[in-house]
Amino acid sequence: MSDVGARFMPPELREALPGLRLASRRPARARGIGQHPSRSRGEGLEFSEYRTYEPGDDLRRIDWKLYARSDRYFVREAERESPLTLWLLVDASASMEQSDAARPRWTRLDAARALAAACVALALRQGDRFGLATVAAGRLEIVPAGSGLRQRDRCHLALHRLQAGGPWPDEAGLRPLWERVGAGDLLLMLGDHFEAAGVALLERLAAAGRDVSSVQILTAEERDFPFTGGYRFRDVESGAELLTDAAAARAGFLEDFRIARLQLAARLAAAGIGHATHVLDEPLDTPLRRLFPAPRRSGA
Amino acid sequence: MTFALLFPGALAALAALGIPLLLHLARRAEQRPLDFAALRWIRSRHRPARRVVLEERRLLMLRLLLLGLVALFLAEPVVRPTPESRPWVVVVPGADPAEVQPLPEEAEWRWLAPGFPALGASVSAQQPVSSLLRELDALLPSSTPLVVIAPSVLHGLDGERVSLGRDVDWRTVPVTASVPAGTRMPAPRLALRHADERGAVAGYLRAVVAAWRLRDRDAVAPDVAAALRVPGPEIDTLFWLQPGNVPEAVREWTEAGRTLVVEPPAVLTDGPEETAVALWRAADGSVLATARPLGAGRLIRLQQPLRPDTLPQLLEPDFPAVLRALLQPGPAPVSAPAEAQRPLRSPVDSDGRSSLAARSLQPWLALLIALLLLRERWLATATRRWTA
Chain H
6 MSDVGARFMP PELREALPGL RLASRRPARA RGIGQHPSRS RGEGLEFSEY RTYEPGDDLR
66 RIDWKLYARS DRYFVREAER ESPLTLWLLV DASASMEQSD AARPRWTRLD AARALAAACV
126 ALALRQGDRF GLATVAAGRL EIVPAGSGLR QRDRCHLALH RLQAGGPWPD EAGLRPLWER
186 VGAGDLLLML GDHFEAAGVA LLERLAAAGR DVSSVQILTA EERDFPFTGG YRFRDVESGA
246 ELLTDAAAAR AGFLEDFRIA RLQLAARLAA AGIGHATHVL DEPLDTPLRR LFPAPRRSGA
Chain P
-10 MTFALLFPGA LAALAALGIP LLLHLARRAE QRPLDFAALR WIRSRHRPAR RVVLEERRLL
50 MLRLLLLGLV ALFLAEPVVR PTPESRPWVV VVPGADPAEV QPLPEEAEWR WLAPGFPALG
110 ASVSAQQPVS SLLRELDALL PSSTPLVVIA PSVLHGLDGE RVSLGRDVDW RTVPVTASVP
170 AGTRMPAPRL ALRHADERGA VAGYLRAVVA AWRLRDRDAV APDVAAALRV PGPEIDTLFW
230 LQPGNVPEAV REWTEAGRTL VVEPPAVLTD GPEETAVALW RAADGSVLAT ARPLGAGRLI
290 RLQQPLRPDT LPQLLEPDFP AVLRALLQPG PAPVSAPAEA QRPLRSPVDS DGRSSLAARS
350 LQPWLALLIA LLLLRERWLA TATRRWTA
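If you read the protein sequences in the order shown, they are chains H and P. Taking my numbering, the leading residue of the first sequence gets 6, the next gets one more, and so forth. Taking my numbering, the leading residue of the second sequence gets -10, the next gets one more, and so forth.
Hints are supplied without guarantee of correctness; some may be wrong.
[Stated by the list, open to error] Which stretches of chain H does chain P cover? Using the computed rule of at least three CB atoms under 8 Å from a CB of chain P, they are: (1) 100 to 114; (2) 224 to 235; (3) 258 to 270.
[What the hints assert, rightly or not] Here are some, though not all, of the chain H residues that point toward chain P, as calculated from beta-carbon distances under 10 Å: (4) TYR55; (5) THR57; (6) GLY61; (7) VAL241; (8) GLU242; (9) ALA245; (10) LEU248; (11) ALA251; (12) ARG255.
Hints are computed from structural coordinates only; laboratory data are not their basis. Backbone N, C-alpha and C fix where the C-beta goes; we use that ideal spot for every residue, glycine too.
Based on the sequences and whatever the hints tell you, model everything.
In structure tokens, the structure reads:
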């Protein structure tokens, strides 16, 4: 972990990282020596760190020589090899620029950046390969999967350069994603999930054997609708405008929006997609804890 | 203190109160734009309700207050002393109020003296009664009854009969001690400087002085001369019946406070003739003599030569009295029986006159308006509401 990630990650998210672990939810892959099954031993032989033994770690991974010297159990993380590839799909369409009036500098995209940076840090810690796909200005940009610190920096750079704007791309524009994200790869989408095309893409990816998760990022205003008086609501992506009295629209909106969220959750669950919701004024680590909990260690 | 408006029509300016109300309502119609991606789930198509919601209520209240005060300012507000129902009993110095019955029980007892002091104070016996009565009438509210207790002989009157804006309960009490009348003036001492052929005039003047001497033993025979000699300082009046210019010495003698009488041929070049006023008129109204000031003295110019054929009045039996009245204008009478001087009821409504005692509130209102205007500007510019 470097300080570059700190620019994206709030402290509470950084503190939550040790309790998280990226894992494929596909049961086909049995757990082996490493955290993930491996077919290519040559990759990822990069020493990262010693870490203290935690109950549940495989006894064979303890560095006994170090134990002899220090009388403590350490686990050599560098021994891990992993074929797991994490893809982060960050929605940076125009609606991601939205923020709450209470905290106008903290947009949806900022939250997505923080979550993506946290996942990059997780993957780096676990030695996994990771790649970044961003959707901005109607185009798909991809940082090819890789591992290591330089790959992390490439991802941070891409996140840093990311500017929200434009609509969701059409199907042809998303084709490179299919070429890059292989079967069995872990894919996490960060976005507002308001575009039906984005949800349909997740469904198709899941159906094609990708391990798909998603975090829907909402603003507190979408959750609470705290407006009163006349408002001219504007959708920056479609350009639609609606002039209405907010107080009169509140009950209807909250009901409809709740139903829409339930429907989305049901649809994603039906497609086998892990789903969590993040609201901008809630702690950032909650969705990650929900999606990537540290495995319960029931004996070795 | 009572409050009154001198120009209530200006309250029509209160219609301007609608302007800030409209302004603050019009602001209400503005819609705040907001980016909101979840727009598609808002199904309400209610137009924003045009509820009567006034924004910036403090500012609105301030503006309404400001306009109200401006309208009030235009209406010229005044405050007047509370009309006192207690009657005022004013005693003219010299009268004894104990001799007057009956008197109002609850009354304000004052002297008729400058400042209208209470009866306990000591005041001078000589007061300008007429002037004080008019002042009192202007000061007192018109509803206050006024009782005046006057001695049977009033002194300190002036040329105009007192006429007040109210009915006055006028009581007189008999007094025995009268203020001594002014001493009678001595008869004027005459001098005559005539041309040689006008010697007959001297006879007329001697006859006049002789007539004066019937009532005034001290009247002195005129100093008559045909020469151009300037008369002595004891002479009061000089009849200058010489042709040609009046010498400078005679002029200086007159300007020391004496009277110079001249005939038409006399020439006295300098001096504004238009300041002359008609002094003596014939029975048909034609002017017989004019008078004008000359230094401290005065110049009486006869319109006709002082001869019986041109001035028949010279032969009238009352000529001595007329001449004396011309030369010694007596003072206007200042004393009169109080019964005869009962104040008249003025046709002028006293309401308009009692407003003299009203104090205008406009300067204070102007100050208040200026302060409020500053506060309003401060509020209106400091607010972040419209800039947000």
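Restraint: H:LEU248 near chain P, CB-CB cut 10 Å. Satisfied or not?
Hint on H:LEU248: holds, closest Cβ of chain P at ~6 Å, below 10 Å.
Outcome, coverage hint (the region 100 to 114 of chain H, chain P; C-beta under 8 Å; three residues)
holds (count 3)
With a cut-off of 10 Å, does the beta carbon of H:GLU242 approach a beta carbon of chain P closely enough for the hint to hold?
Given a least distance of 7 Å, the restraint on H:GLU242 holds.
Is the shortest C-beta separation between H:ALA245 and chain P less than 10 Å?
At 6 Å from the nearest chain P Cβ, H:ALA245 passes the 10 Å test, so the hint holds.
H:TYR55 as an interface hint toward chain P, with CB separation required under 10 Å:
violated (46 Å)
Would you check chain P against the region 224 to 235 of chain H, counting CB to CB pairs closer than 8 Å, and say if three or more residues qualify?
With 5 residues close enough to chain P, the hint holds.
Restraint: H:ARG255 near chain P, CB-CB cut 10 Å. Satisfied or not?
holds (8 Å)
H:ALA251 as chain P interface residue, shortest Cβ-Cβ below 10 Å:
holds (8 Å)
With 10 Å as the cut and Cβ atoms as the points, is H:THR57 at the interface with chain P?
violated (45 Å)
Quick check on the hint: H:GLY61 CB to chain P CB, less than 10 Å?
violated (42 Å)
Taking 8 Å as the Cβ threshold, is the statement that the region 258 to 270 of chain H is covered by chain P upheld or broken by the three-residue rule?
holds (count 4)
Measuring from the C-beta of H:VAL241 to each C-beta in chain P, is the shortest one below 10 Å?
holds (5 Å)
Violation of the numbered hints given earlier is confined to hints 4, 5, 6; the remaining hints are satisfied by the structure.
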